[in-house]
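Enquirer: Chain by chain, the residues:
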Amino acid sequence: MFESGLKYVEDVNIEAILFSTPKKAVVINELRHKAINYDEAIVLAKSYDYPLITAEAREMVDKLIDQSSLTKYEKYIFKLHNKKWSFYKKSAINTGGRDV
Amino acid sequence: MFKELLNTAKNKFDAHQREEEIRYLDIDPEEYVMLRDDKNSIAFELLEAILEKLKIPNWEVDSATLRIVRISEASSGRKTWSLAITSDTRRFHLKVYRDFEPDLVDIDLASSRGICTAITFIEKKILDIREQKIREEERKRLAALEEERRHKQEELAEILGKVQQVNDQLMSIYNKKLSSAKLGEEFLARATEYISQKVSQLKQEEVALTIEGDIYEIKERFQGSLFKIIDEVPCQLDERSSLIKVSNSFINYCVCGKNLVQPACEILEYIQDTRSLVLRYECKNKDELQDQYSYEKYNNQMISHIEPKTLSHSSNPLTDVETIFKRIHGQNLITKSDVANISLFDIDTKVANFNDMIKFIDNMLARFAQNVNLIAWNQKNSSN
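Here the protein sequences line up with chains R and D, keeping their order.
Heads up, the first sequence is in this note's numbering, so the first residue is 1 and it goes up one at a time.
Heads up, the second sequence is in this note's numbering, so the first residue is 101 and it goes up one at a time.
Hints listed in this document are in silico derivations from the structure and should not be mistaken for laboratory results.
Among the hints, a few may not be true.
Here are the in silico distance ranges between beta carbons for each label pair [what the hints assert, rightly or not]:
#1 R/K83 / D/D206: 33 to 39 Å
#2 D/N158 / R/K83: 30 to 36 Å
#3 R/D66 / D/K195: 56 to 62 Å
Facing chain D, from chain R, some residues (calculated, C-beta under 7 Å) [to be verified]:
#4 Y50
#5 L52
#6 I53
#7 K84
#8 W85
#9 S86
Predicted model, so just to flag it, every value in this text is computed and none were measured.
Where is the CB? At the ideal position from N, CA and C, for every residue including glycine.
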């Protein structure tokens with residue numbers, strides 16, 4: 001059974017990240033790289049395991065969104081962004097989530 | 101009671117919650133694309149929540165395409181789409197349907213980052229276009245009213261002009277009447293003076309039809325008929341000279357025959373001797389006279405003398421004639437407008453100036469002069 005090694009990072013203020021910027025794609029990247037240990041997991045994983053890891057990471061971010069104080073419509077919009085956008089390197093977080 | 105209050109409070113709380121839920125709700129073009137691609141029921145619900153937040157009528161979500169559309173009421177009452185909002189990942193676009201009334205082809209949504217801004221912008225633009233249309237219609241209506249007012253003003257001015265024209269004409273007629281009355285008075289004064297002058301120059305012709313012989317014999321022979329005739333015609337019998345004077349106007353009605361008054365032309369013919377101013381009458385039918393009178397004795401003696409005689413102004417009967425003439429003249433001199441209507445001796449004429457008046461008076465005086473003896477005699481006898 002595949003073990004991604006992904007887990008939530010403790011003591012991260014999710015609400016602060018969610019409301020840090022109106023750019024939702026940036027918020028999603030922030031959550032991916034700060035609220036879960038995505039970067040550590042991807043380093044240890046084999047390249048063919050990347051899709052599995054990213055899919056699990058999306059699910060984990062969705063859960064964080066669901067647990068937040070956002071309205072259901074905001075949660076839906078954030079999830080759309082989480083669903084659409086690819087994963088980037090941690091250094092590209094502040095570029096608006098777009099390819100560099 | 102308490103339950104009602106509780107329900108009311110709960111409803112208010114729910115409404116507040118709903119208000120908070122949609123207060124900051126908005127999506128950008130990219131999110132619009134994403135949720136339309138997602139085709140999730142919550143996407144439809146989200147778009148409806150955005151419209152609920154905006155509270156702008158005539159907008160709804162098309163469940164099939166998940167596009168926000170603006171509806172319009174067709175004449176049949178059927179709801180149709182007038183326009184719809186579409187987008188790519190960078191900006192919103194507007195799809196205009198044929199049912200849309202205003203021309204929105206120029207609306208640019210590039211500056212609208214959120215769909216709420218885009219809808220508000222479109223709605224404002226529609227209102228602007230409709231207000232502009234209303235203003236344009238109002239301007240046309242006012243222009244039409246102004247045109248109508250101007251047209252009525254022109255008509256009024258035209259009517260006033262005609263009224264003024266009529267007024268001017270009336271004033272002109274009035275002034276002409278005034279001047280005509282003055283003209284008539286002037287005519288009358290000058291005409292009276294002129295007539296007086298002319299009448300004073302008139303000459304009465306006295307004609308003597310001389311019948312020589314003893315007066316008693318004449319009387320006997322004519323058996324009183326001569327006197328009767330004398331009573332009826334302007335003639336005089338001078339018993340001392342045995343002359344019968346007959347006015348020239350009645351020479352054609354001379355006596356001839358016993359108890360007869362016949363036109364002289366039937367019995368007598370006269371030869372005018374212009375040199376001696378003597379009219380000599382000869383009997384055309386001597387036999388007729390011979391039957392009753394001794395024609396031989398009287399024939400050659402039936403002559404008349406024309407004796408021109410100038411009369412003074414105060415002499416009779418011309419004074420009477422002059423009076424008659426002036427009275428008739430005064431009664432018949434009627435002025436109208438700028439001409440004077442004159443009626444003398446049943447002859448009507450119009451004169452526009454004093455020269456015409458003089459011509460008319462001269463003409464009348466000429467006729468009058470021809471009959472001056474008759475008129476004078478008539479006046480004399482009628483006064484008796």
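Enquirer: Does the closest beta carbon of chain D sit nearer than 7 Å to the beta carbon of R/S86?
Expert: violated (14 Å)
Enquirer: Determine whether the Cβ-Cβ distance between D/N158 and R/K83 falls within the hinted range of 30 to 36 Å.
Expert: holds (33 Å)
Enquirer: How about R/K84: closest beta carbon in chain D under 7 Å, or not?
Expert: Given a least distance of 6 Å, the restraint on R/K84 holds.
Enquirer: Given a cut of 7 Å on the nearest C-beta pair, is the interface hint for R/W85 held or broken against chain D?
Expert: Hint on R/W85: violated, closest Cβ of chain D at ~10 Å, above 7 Å.
Enquirer: Hint R/I53 vs chain D: min CB-CB distance below 7 Å?
Expert: Given a least distance of 23 Å, the restraint on R/I53 is violated.
Enquirer: Taking 56 to 62 Å as the stated bounds, is the beta-carbon spacing between R/D66 and D/K195 within them?
Expert: violated (35 Å)
Enquirer: Tell me if R/L52 is really an interface residue toward chain D, meaning its C-beta lies closer than 7 Å to one of theirs.
Expert: Interface hint status for R/L52: violated (23 Å vs cutoff 7 Å).
Enquirer: Is the interface hint for R/Y50 satisfied, with its Cβ closer than 7 Å to some Cβ of chain D?
Expert: It is violated, given that the least Cβ distance between R/Y50 and chain D is near 23 Å, above 7 Å.
Enquirer: Does the Cβ pair R/K83, D/D206 satisfy 33 to 39 Å?
Expert: This hint holds: roughly 37 Å between Cβ atoms.
Checked against the numbered hints above, the structure violates hints 3, 4, 5, 6, 8, 9; every other hint is satisfied.
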